[in-house]
Amino acid sequence: MIKMEHVNKSFGKTQVLKDVSLVVNEGEKVVILGPSGAGKSTAIRCVNGLELPTSGAVYLDGTALTAKNRTQLVRRHCAMVFQQFNLYPHMTALKNVTLALTKLQHMTKAEAAEVAGECLETVGLADKAQSLPSQLSGGQQQRVAIARALATRRKILLFDEPTSALDPETVGEVLSVMLRLSHEHGITMIIVTHEMGFAKQAADRIVFMDGGEITAEDNPDAFFNNPPNERVQQFLSKVLY
Amino acid sequence: MSRAPFALWRWERLWNDKAVIFNGFVTTLLVSLLALALAMAIGIVFGMLGTSEKKPLRAVNRVYVEFFQNIPLLVQVFFIYNAFPLLGFRWPVFTIGVVGVGIYHGAYVAEVIRAGIRSIPKGQGDAARSQGFGYIQTMAYVILPQTIKIILPPLTNQAVNLIKNTSVLATLSGLDLMYRADSWASQGTLSYGPAYVAAGALYFLICFPLATWARRYERRIKEREHLQLSEAAAEEMMLMAEEML
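Residue numbers (the working numbering), protein chains in the order written: chain A, 7 to 247; chain B, -16 to 228.
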């Protein structure tokens, strides 16, 4: 379970998160929507300790994230997929996936390669194992990144605008992989995205952020058909057509 | 016998005693290699400190770099040679060469490494940390390997400077190439001309190919990756360049 409790975050004088509280239960799929600059990315970066709250706290299975324990906690619980993929450019797709397995989970090379092979298979890229990121399309790179996140078998998957940097033609292949993952009960997912269709299909709950605050929360049906407030209505009218 | 500085007989004497010069050449190579290893170790540690998020650690980097870069190597080496014994450290000249040249060039290598680390997009560190890699692992597996292409040319130039700078050992009877050449001439036939020419030629033999290789490698990388370089990285490097100037 993920619990954010009265999280405030400032960068210098700019307050990016204002009293954000959110509970995400095990196995739940939460999509965070909202305009650019609403603090969505910062919010999920707080969940895996890439950012530490200025005040308030984030708990993973009851343990508060701190500067000291975040590496260990993240190792146990979280994996993340980034907008810019952030694959390691000096490693093949396979090595990108196996690095954490061999160095952190102490698998042998053969074991790690087997797990990585399965994960690359899951995202439909078994044949690209030996390719370097620079030889792959954006969509393929992002799918390798998803395989990299899956391989560690962590229960919490965080997606930070995973399709925003992609060519329109390759968005679908990434979304379909994510949609398939959303059917797995054991995995908790928090997804920041602008893909409304995906949000409708995959989310158990929609969280709407604006100006660093969570201003609405609802199940997708209600959220899209019966927007909880005017700001959401306004936002949806601009992104849905 | 002709007294001309470059008379043929002087060259013949030099050739007969070539083992002496060669000895010095080997010593110079050894000091260079060990000092380079030390400079790299120091450079990686202090270069990493220089990119730390923690101000005090960055301050440690600045103090080290500015201190060793802004005091002549000769002063530093003389200090180790003449002042350290008063403090109870009496080192062989060979060790003084390795340590003195190593810590001096370590400061320059630290700057190269720091610039290299800063040119890697921030997302790389994010990715590694999001996987649960600690700071050292992130550096060792993800960041530093990616800097190699960028830092290899300036590092090679540092190696060239380092090799040339080992000649300060001659002032301490260091048994290095320059010392051997100089003492061979002064204790024998005063054939300084051929001795220095030979020493210079041997330094050149090592340094010129290194410098040439670095220049070519750099040009190749620039041509190939010019367009791929992200704007952020380019801007970062420009800032570094400005800072250095």
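Honestly, I wouldn't trust all of these hints.
Cross-link-like lysine-lysine pairs, in silico, DSS-like; alpha carbons within 30 Å at most [said to hold, decoys possible]:
no.: 1; chain 1: A; residue 1: K115; chain 2: B; residue 2: K105
no.: 2; chain 1: A; residue 1: K109; chain 2: B; residue 2: K37
no.: 3; chain 1: A; residue 1: K115; chain 2: B; residue 2: K132
no.: 4; chain 1: A; residue 1: K161; chain 2: B; residue 2: K105
no.: 5; chain 1: B; residue 1: K37; chain 2: A; residue 2: K19
no.: 6; chain 1: A; residue 1: K206; chain 2: A; residue 2: K74
no.: 7; chain 1: A; residue 1: K109; chain 2: B; residue 2: K132
no.: 8; chain 1: B; residue 1: K147; chain 2: A; residue 2: K109
no.: 9; chain 1: A; residue 1: K9; chain 2: A; residue 2: K115
no.: 10; chain 1: A; residue 1: K101; chain 2: B; residue 2: K105
no.: 11; chain 1: A; residue 1: K19; chain 2: A; residue 2: K74
no.: 12; chain 1: A; residue 1: K74; chain 2: B; residue 2: K205
no.: 13; chain 1: B; residue 1: K205; chain 2: A; residue 2: K19
no.: 14; chain 1: B; residue 1: K37; chain 2: A; residue 2: K9
no.: 15; chain 1: B; residue 1: K105; chain 2: A; residue 2: K9
no.: 16; chain 1: A; residue 1: K24; chain 2: B; residue 2: K105
no.: 17; chain 1: B; residue 1: K38; chain 2: A; residue 2: K74
no.: 18; chain 1: B; residue 1: K38; chain 2: B; residue 2: K132
no.: 19; chain 1: A; residue 1: K115; chain 2: A; residue 2: K161
no.: 20; chain 1: A; residue 1: K101; chain 2: A; residue 2: K161
no.: 21; chain 1: A; residue 1: K109; chain 2: A; residue 2: K74
no.: 22; chain 1: A; residue 1: K74; chain 2: B; residue 2: K105
no.: 23; chain 1: A; residue 1: K206; chain 2: A; residue 2: K244
no.: 24; chain 1: A; residue 1: K19; chain 2: B; residue 2: K132
no.: 25; chain 1: A; residue 1: K24; chain 2: B; residue 2: K38
no.: 26; chain 1: B; residue 1: K37; chain 2: A; residue 2: K24
no.: 27; chain 1: A; residue 1: K74; chain 2: A; residue 2: K24
no.: 28; chain 1: A; residue 1: K101; chain 2: B; residue 2: K38
no.: 29; chain 1: A; residue 1: K101; chain 2: B; residue 2: K205
Quick look at which bits of chain A chain B covers, simulated, 3 or more residues with Cβ under 8 Å [stated by the list, open to error]:
no.: 30; region: 68 to 81
no.: 31; region: 85 to 98
no.: 32; region: 105 to 118
The hints are simulated quantities; they were obtained by calculation from the structure and are not laboratory data. Beta carbons are placed, not taken as given, at the ideal position from N, Cα and C, and that holds for glycine.
Review point. Failing hints, ascending?
Key: Per hint list: 6, 8, 9, 12, 13, 24, 28 violated.
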